[in-house]
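Engineer: Protein sequences, first through last, are from chains L and P.
Quick note: the first sequence, position 175, residue 268 per the numbering used here, numbers continuous.
Quick note: the second sequence, position 178, residue 417 per the numbering used here, numbers continuous.
Since the hints were derived computationally from the structure, they do not count as laboratory data.
There are no misleading hints in this set.
No more than 25 Å apart at the CA atoms, straight line, and that leaves these computed lysine-lysine pairs for BS3-like:
#1 P:277 to P:253
#2 P:336 to L:319
#3 L:319 to P:272
#4 L:319 to P:277
#5 P:253 to L:319
#6 L:319 to P:345
#7 P:443 to P:464
Sample of chain P residues with no beta-carbon within 10 Å of chain L, all distances over it, derived:
#8 288
#9 355
#10 395
#11 401
#12 513
#13 516
#14 521
#15 535
#16 543
#17 544
#18 553
For each residue, glycine too, the CB sits at the ideal point set by N, CA and C.
In case you want the letters, here they are:
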Amino acid sequence: MLLTSYFLWQAVFHGRTEIFGYSQNQMLSYIMLVAVLQSAVLASRSIDLAGVINSGELSNIIIRPISNLWYWLSRDAADKALNLIFSVVEIFLLVILLRPPLAWPDFSHSAISLLLILPLATLLYYFINYLFGLTGFWTNEVWAPRFLLMVVMQFLAGLMFPLDVLPQRIQDLAMWTPFPYLVYFPAQVILGKTGNIGIINGLAATAVWTIIFGILVEIVWRRGLKAYGAEGR
Amino acid sequence: MPIITAKNLTKYYKVHQKEPGLMGSLKSLVSRKYYDVKAVDDISFEIEEGELIGFIGPNGAGKTTTLKMLSGLLYPTSGQARVLGFEPWKRDHKYLKQMSLVMGQKNQLWWDLPAQESFILNKEIYEVPDEQYKKTLGDLVELLDVKDVLNIQVRKLSLGQRMKCELIAALLHSPKVLFLDEPTIGLDVVMQKAMRDFIAEYNKKYKATIILTSHYMEDVKKLAKRVVIIDHGKLVFDGKLKDIIDKYAEHKILTLEFSEEFPREKLEKFGEIDSWEYPRAVIKVPRQLASKRAAELLETLPVADINIEEPPIEAIIRRVFSRK
Chain L
94 MLLTSYFLWQ
104 AVFHGRTEIF
114 GYSQNQMLSY
124 IMLVAVLQSA
134 VLASRSIDLA
144 GVINSGELSN
154 IIIRPISNLW
164 YWLSRDAADK
174 ALNLIFSVVE
184 IFLLVILLRP
194 PLAWPDFSHS
204 AISLLLILPL
214 ATLLYYFINY
224 LFGLTGFWTN
234 EVWAPRFLLM
244 VVMQFLAGLM
254 FPLDVLPQRI
264 QDLAMWTPFP
274 YLVYFPAQVI
284 LGKTGNIGII
294 NGLAATAVWT
304 IIFGILVEIV
314 WRRGLKAYGA
324 EGR
Chain P
240 MPIITAKNLT
250 KYYKVHQKEP
260 GLMGSLKSLV
270 SRKYYDVKAV
280 DDISFEIEEG
290 ELIGFIGPNG
300 AGKTTTLKML
310 SGLLYPTSGQ
320 ARVLGFEPWK
330 RDHKYLKQMS
340 LVMGQKNQLW
350 WDLPAQESFI
360 LNKEIYEVPD
370 EQYKKTLGDL
380 VELLDVKDVL
390 NIQVRKLSLG
400 QRMKCELIAA
410 LLHSPKVLFL
420 DEPTIGLDVV
430 MQKAMRDFIA
440 EYNKKYKATI
450 ILTSHYMEDV
460 KKLAKRVVII
470 DHGKLVFDGK
480 LKDIIDKYAE
490 HKILTLEFSE
500 EFPREKLEKF
510 GEIDSWEYPR
520 AVIKVPRQLA
530 SKRAAELLET
540 LPVADINIEE
550 PPIEAIIRRV
560 FSRK
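Could you build the full structure based on these sequences and the hints that come with them?
Structural biologist: Here is the structure:
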């Protein structure tokens with residue numbers, strides 16, 4: 094994945110110095126950064142949740158005095174720690190082998206806000222993902238909606254390209270969805286492309302979406318338990 | 240005060256029917272016929288502290304569904320239940336810490352880890368103090384004789400060893416209420432007995448309230464003084480095992496041994512002949528007449544030995560289920 098978009102962008106930039114207001118090394122830095130952010134924010138064990146509900150394995154969790162929400166969050170955390178290590182190693186190797194021209198970000202001014210933004214973005218994605226997992230209470234077909242989510246996310250979270258290469262109107266529209274705050278926004282903050290006001294606005298939007306999805310998760314979870322059949326057990 | 244009460248407990252499952260084949264699939268996409276399966280239908284009972292109840296019924300009678308509701312996995316369609324003063328399906332952690340559900344067919348141990356690691360995880364989840372953990376684990380390991388297998392990956396264990404480890408994992412927090420669903424299923428006779436002895440011992444030692452379901456009447460006979468029978472989701476019988484016999488057995492079984500041969504017809508008028516192979520005969524006689532018939536037999540036929548017995552409990556229960 095990382096290599097594909099890396100070479101794709103290198104080909105696009107061939108012979109040009111600037112596209113959509115990005116220089117080649119800025120774009121390559123963005124792609125690399127997104128790869129790291131993805132493994133911190135997105136990578137997830139909790140995609141198994143729907144299957145666990147379907148198979149009735151959920152009984153094993155809810156029969157014990159533990160919270161299902163925290164159970165999966167801690168499994169995610171463990172998984173992410175691993176992924177993060179590997180993606181850092183991967184990027185380190187790429188940097189050594191390909192020696193790309195990178196724009197090393199200076200995010201000293203936004204370091205503190207990142208301490209808030211990154212955990213919040215992680216939590217937001219966790220809630221979105223968890224919500225999709227909860228559909229397992231009502232249907233066995235959980236992959237179709239999840240696939241849709243993935244496609245939308247590839248686009249709106251800025252995984253393929255930074256959102257500001259899009260026309261302004263689509264950009265504005267995208268910023269009203271929760272997706273840009275998962276990866277695109279944190280990446281922009283790290284790269285120093287957002288001013289202080291932008292940081293505060295983005296942080297507020299992330300927080301609001303996190304709260305909305307947190308509440309949704311709680312409501313759907315309670316309904317789900319009532320519909321739960323504890324099959325196969 | 241009873242530890243467990245169930246009042247008009249009812250659970251309906253909504254299921255839809257699908258005709259076989261592709262056309263059936265398409266049809267069920269457009270118009271789906273739902274109907275209710277009455278898994279548990281208006282069941283009420285009370286259980287006192289320290290009781291060991293045998294829960295019996297044929298497959299699909301609603302035993303497991305009842306246990307799932309009592310342990311908080313399922314919401315009932317209607318009706319109420321209280322266990323240790325809690326409404327189970329609210330899943331109050333204070334409640335969950337005091338009970339345990341063991342299902343013979345499923346496992347809660349981590350498949351790829353030695354049982355010991357799952358035990359430690361459970362210790363942390365249930366917040367069992369170190370001292371108590373060591374003592375309980377020691378006791379359980381000794382009672383079940385599994386010292387040698389604790390550090391072996393669970394996937395490598397035999398069914399019997401695994402079942403024992405499952406039990407230990409479920410009992411580490413010394414639950415006051417224990418639901419055992421088919422704990423002896425698939426085990427060999429020796430292992431079944433070991434399991435039974437253990438359950439009886441646990442019930443006595445910890446004053447735990449236990450509900451046990453099993454297909455093996457032997458389990459119920461050996462362990463439970465009181466049984467609850469359900470069939471098609473309805474409660475059919477609740478009382479002492481002995482009372483089932485009084486209530487449902489219409490016959491007694493007379494086993495006779497004769498000192499000389501005589502024509503079969505002579506025996507027939509005393510009762511229904513089950514087997515007749517000189518010198519032994521087994522006949523069924525109506526319960527109330529058993530002693531009278533025995534006396535008559537002794538008088539009129541050359542009887543060398545006579546034995547009056549209740550019919551086996553399995554046979555009675557089979558009759559209870561097939562009566563409908």
